[in-house]
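All chains should be built: construct the whole structure from the sequences, respecting the hints.
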Amino acid sequence: DRAVGDGCGVVLFADTDTGCRLGASAKGERGMPAEEVGERGAAELAEALSSGTCVDQWMQDQLVIWMALAAGVSRMRCSEPTLHTRTAMVVAEALLPGVKFVLRRPTGHPAASTAAAGADASGKDAAGLPTRIEGKGAAADG
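Numbering-wise, UniProt numbering puts 103 at position 103 of the sequence shown, and it's gapless, one number per residue.
Honestly, the hints are just simulated from the structure, not real lab data.
Even for Gly, the Cβ is constructed at its ideal location relative to N, Cα and C.
Be aware that one or more of the hints could be misleading.
As the list claims (entries may be wrong) - Label-pair restraints from in silico Cβ distances:
1. Gly72 - Lys27: 34 to 44 Å
2. Ala43 - Asp15: 13 to 23 Å
3. Val90 - Asp17: 32 to 42 Å
4. Val11 - Pro33: 33 to 43 Å
Below, the structure written as structure tokens:
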């Protein structure tokens with residue numbers, strides 16, 4: 001019998017002192033030692049834990065949908081929004097009347113794009129603080 005894949009994979013998660021759960025994963029390839037796969041996953045999780053965020057890169061786009069459906073304004077601290085996250089924001093704004101998302105850097109300046117306000121590729125500003133996504137939902141308040 002042949003195996004379905006060419007290697008192994010690892011999925012990791014950690015619960016923080018502040019009640020956040022962050023996750024990471026790594027996929028192996030043919031010939032890659034399992035230890036290297038584990039090290040890649042651990043490095044991704046360590047980066048997520050040190051980021052000061054409450055949402056990892058794998059959960060961002062999932063939460064955007066709920067933010068769009070909620071009443072009032074929702075907020076999440078995250079690393080640089082992924083392409084999936086940015087796409088979910090644009091689609092939600094296009095399909096749901098009244099939905100509006102804004103990326104804010106820790107200085108409080110609205111950012112029209114993820115490249116605005118001096119953030120680096122990690123989504124942090126010069127002070128090392130994470131991005132915040134704010135979303136006004138479509139549901140009626142009250």
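(message) Verify the CB-CB distance for Gly72 and Lys27 against the hinted window 34 to 44 Å.
(response) holds (38 Å)
- Query: Do Ala43 and Asp15 keep their Cβ atoms within the hinted range of 13 to 23 Å?
  - Reply: holds (19 Å)
For the range 33 to 43 Å, tell me whether the beta carbons of Val11 and Pro33 fit it or not. violated (18 Å)
Should the hint that Val90 and Asp17 are 32 to 42 Å apart at their CB atoms be regarded as holding?
holds (34 Å)
Hint compliance for this structure: hint 4 is the single one not met.
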